[in-house]
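Asker: Sequence:
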Amino acid sequence: MHAIPTGTIGSPSEAGPGSAIHGWRQRAWLLAAIGVQALLLLVGGYAWRHATGPLPHYATVTAGRGSVAPAVVSSGTVNPVTTIQVGTFGTYVSGVIQSVLCDFNTRLRAGQLCARIDPRPLGGAPSP
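Per the numbering used here, residue 213 is the first one in the sequence shown, and the count goes up by one each step.
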């Protein structure tokens, strides 16, 4: 007895791992996956480029000698790093510093003036 074939040669029912049809399908899926990834990469790059705004423009110049102005421009509130209590029995003096006569780590003697507070907000006489 002879076996009766159930399909034609090369039909999808006989497409095994080594057949030509299986190789074609595998290549088609691979090309489709590469195409989808390339499209996603292009769309993502376009969106990222336009979401960040225009690129900054930098000007380059040669360095030269000149003067530097000693100025500080800022805004906000200045808060002390540490505070100390001056005087006995909780005496508290506050105000705008008019002049600073000492620096960090300056050794002071008893009675030596370190800072002068602006007397205008207090309504007192100006200090000499």
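Note that these hints are calculated values from the structure, not bench results.
Keep in mind that a hint or two might mislead.
[What the hints assert, rightly or not] Per label pair, the in silico range of CB-to-CB distance:
no., residue 1, residue 2, range
1, H262, T289, 37 to 45 Å
2, G278, V248, 38 to 46 Å
3, Q249, V293, 53 to 61 Å
Here a beta-carbon is modelled for each residue, glycine too, at the ideal position from N, C-alpha and C.
Asker: Against this structure, judge whether each hint is valid.
Answerer: Structure-based check of each hint:
{"no.": "1", "hint": "H262 x T289: 37 to 45 Å", "result": "holds, 39 Å"}
{"no.": "2", "hint": "G278 x V248: 38 to 46 Å", "result": "violated, 58 Å"}
{"no.": "3", "hint": "Q249 x V293: 53 to 61 Å", "result": "holds, 55 Å"}
Violated hints amount to a single one, hint 2; each of the other numbered hints is respected by the structure.
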